[in-house]
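Asker: If you want the building blocks of each chain, they are given just below.
2 protein chains.
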Amino acid sequence: MPVTLINTFKVPAEQEQEFLKRWSETTSVYARTSGFIETHMHRNTGVGNPTFNYINIAVWASSEAFLQAHKDYVPGEESIPGIEFHPALYEEIIMTRNLLLTQSAGKE
Amino acid sequence: MPVTLINTFKVPAEQEQEFLKRWSETTSVYARTSGFIETHMHRNTGVGNPTFNYINIAVWASSEAFLQAHKDYVPGEESIPGIEFHPALYEEIIMTRNLLLTQSAGKE
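Which chain is which? The protein sequence lines are W and F, in order. Taking numbering that gives the first Met the number 0, the leading residue of the first sequence gets 0, the next gets one more, and so forth. Taking numbering that gives the first Met the number 0, the leading residue of the second sequence gets 0, the next gets one more, and so forth.
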């Protein structure tokens, strides 16, 4: 069953360029790894809480595939001085769409 | 332009049921609010970093719509004792799919 990796990053301002460089290197490895499906890097727009300036959301085919890939290749961005990160696998438990949009589309 | 809200939650174990109840109440209000598009609540599976046991990912039509809705209705889950949360709007800056899958589908 596919799993969702969500990884919240606190990247020191002076390390942002290096962070994105190393993260892209990691991604280019995983992009050729069995079990990796896709990844989406998000940057904080400045609206709301500033704690996490980057959040990565990725999909892996299974938790086993995710764990094996991270044994075979340790992400280089994790060794950037001052970085904090919190990678974990998540499952979606509730999904809700706008009911007005649903109703206007006749799908209520 | 649509924006992505990502909100990481640290919910005390004894408050998880109350958290999900209040979050669902909030969602039922926003589900009838203009500018709200959809929301996805995720629970930590226990694989990886345990810091955030819940992460919500939502899509709003604009940052203005998001901010207005949160002025008009303050989410009840935010006043749960001991809870920590970090809501912010994010933009996707990089998206990568598995190249092996792409190639096998002839879309390289």
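Among these hints, one or two may not hold up.
In this list, chains with the same sequence are indistinguishable; a pair is considered to hold if it fits within one copy or across any two.
[Said to hold, decoys possible] With a straight-line Cα cutoff of 35 angstroms, these simulated DSBU-like cross-link-like pairs (lysine-lysine) come out:
1) Lys20 - Lys70
2) Lys70 - Lys9
3) Lys20 - Lys9
By construction, these hints were calculated from the structure, which means they are not laboratory data. These numbers come from a predicted model, not from an experiment.
Asker: For every hint, state whether the structure bears it out.
Answerer: Here is how each hint holds up against the structure:
1. Only within a single protomer do Lys20 and Lys70 lie at most 35 angstroms apart by alpha-carbon distance; the minimum there is 21 angstroms, versus 38 angstroms between protomers.
2. In this assembly of identical chains, Lys70 and Lys9 lie within 35 angstroms of each other by CA distance both inside one copy and across copies; the values are 23 angstroms within and 27 angstroms between.
3. Taking CA atoms no more than 35 angstroms apart as the test, Lys20 paired with Lys9 passes in both settings, with 16 angstroms inside one copy and 30 angstroms between copies.
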